[in-house]
Amino acid sequence: MAVRVQEEPFNAGDELNTFSKTSTDVGAVVSFTGLVRDVAGGLQTMEIEHYPAMTERAIIEIVEDAKARWSLKDVLVIHRYGRLEAGDTIMMVATSSKHRADAFAAADFLMDYLKSRAPFWKKETTGNGASWVDGKDEDEDALNRW
Amino acid sequence: MVDVLYFASVRERIGLPKEQVETSAATVAELVDELRAKEERYELAFSDISALKVALDQELATFDAPLTGVREVAFFPPMTGG
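Here the protein sequences line up with chains R and Y, keeping their order. Going by my numbering, the residue at position 30 of the first sequence is 30; the numbering climbs one at a time, nothing skipped. Going by my numbering, the residue at position 22 of the second sequence is 1022; the numbering climbs one at a time, nothing skipped.
Treat the hints as calculated values from the structure; they're not laboratory data. Possibly wrong hints are sitting among the right ones.
[To be verified] Chain Y side only, calculated, beta carbon under 7 Å to chain R, not exhaustive:
#1 PHE1007
#2 ALA1008
#3 ALA1061
#4 ALA1065
#5 THR1080
No residue lacks a Cβ here, since even glycine has one placed at the ideal position from N, Cα and C.
Working from the sequences, and respecting the hints, build out all of it.
Laid out in structure tokens, this is it:
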């Protein structure tokens, strides 16, 4: 398992290639990459704040939970903070397992939990000013699926 | 004495990221009441705690949780990761 919380950009393709080559006992790799989406008014920057003392620990707990629920070979989570622009890669999740069902379900679960249980906050600045992105009820509801 | 941390919109409303607070509050809710009584900016930041989250020593908790032995309390809006 690897969890990285970083300001620097990363190459999701390179990360996925490296992740996919770590074991020959793996039959399935699933990955998700989150990008900064442009918004009405034109996104100038997205600032991601986090809680440094808690972030990595919270993500590791979520990953441990996933590993207890599904049969996983490995998990990778990378999440950036700081100043980003439209089109930038914010984060990625990759899971590997013997068979695809575990890798798919675990990646879906990890994304639901990272959305509303990892201590990150996004602030968007557009031509109309700056505002914090609100946590959505549907993101909270998504946790009830598991 | 506890370290109190504020993030995102809570940090902006209160105007600082962190402070040390001398408190005898037994629970998070009591600490919030003490903070709200301090100044209007706190009253504003904590006007609707149902819209806020709290972590005690970097673990998510609830507002009725006891503060016994807690060294760090953090207040923030719902998280928006991913």
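Legend entry - Hinted contact PHE1007 (chain Y) with chain R - closest CB pair below 7 Å: holds, 6 Å
Legend entry - Status of the hint placing ALA1065 (chain Y) at chain R (closest C-beta pair under 7 Å): violated, 16 Å
Inset, instruction - May I ask you to test the interface hint for ALA1061 (chain Y) with respect to chain R, counting a Cβ-Cβ separation under 7 Å as satisfied? - result: With a minimum Cβ separation of about 12 Å from chain R (threshold 7 Å), the hint on ALA1061 (chain Y) is violated.
Inset, instruction - Against chain R, run the beta carbon of ALA1008 (chain Y) and see if the smallest gap drops under 7 Å. - result: Cβ of ALA1008 (chain Y) sits 4 Å from chain R, so the hint holds.
Legend entry - Restraint check, 7 Å cut-off on beta carbons, for THR1080 (chain Y) near chain R: holds, 5 Å
This entry does not satisfy hints 3, 4, going by the numbered hints stated previously.
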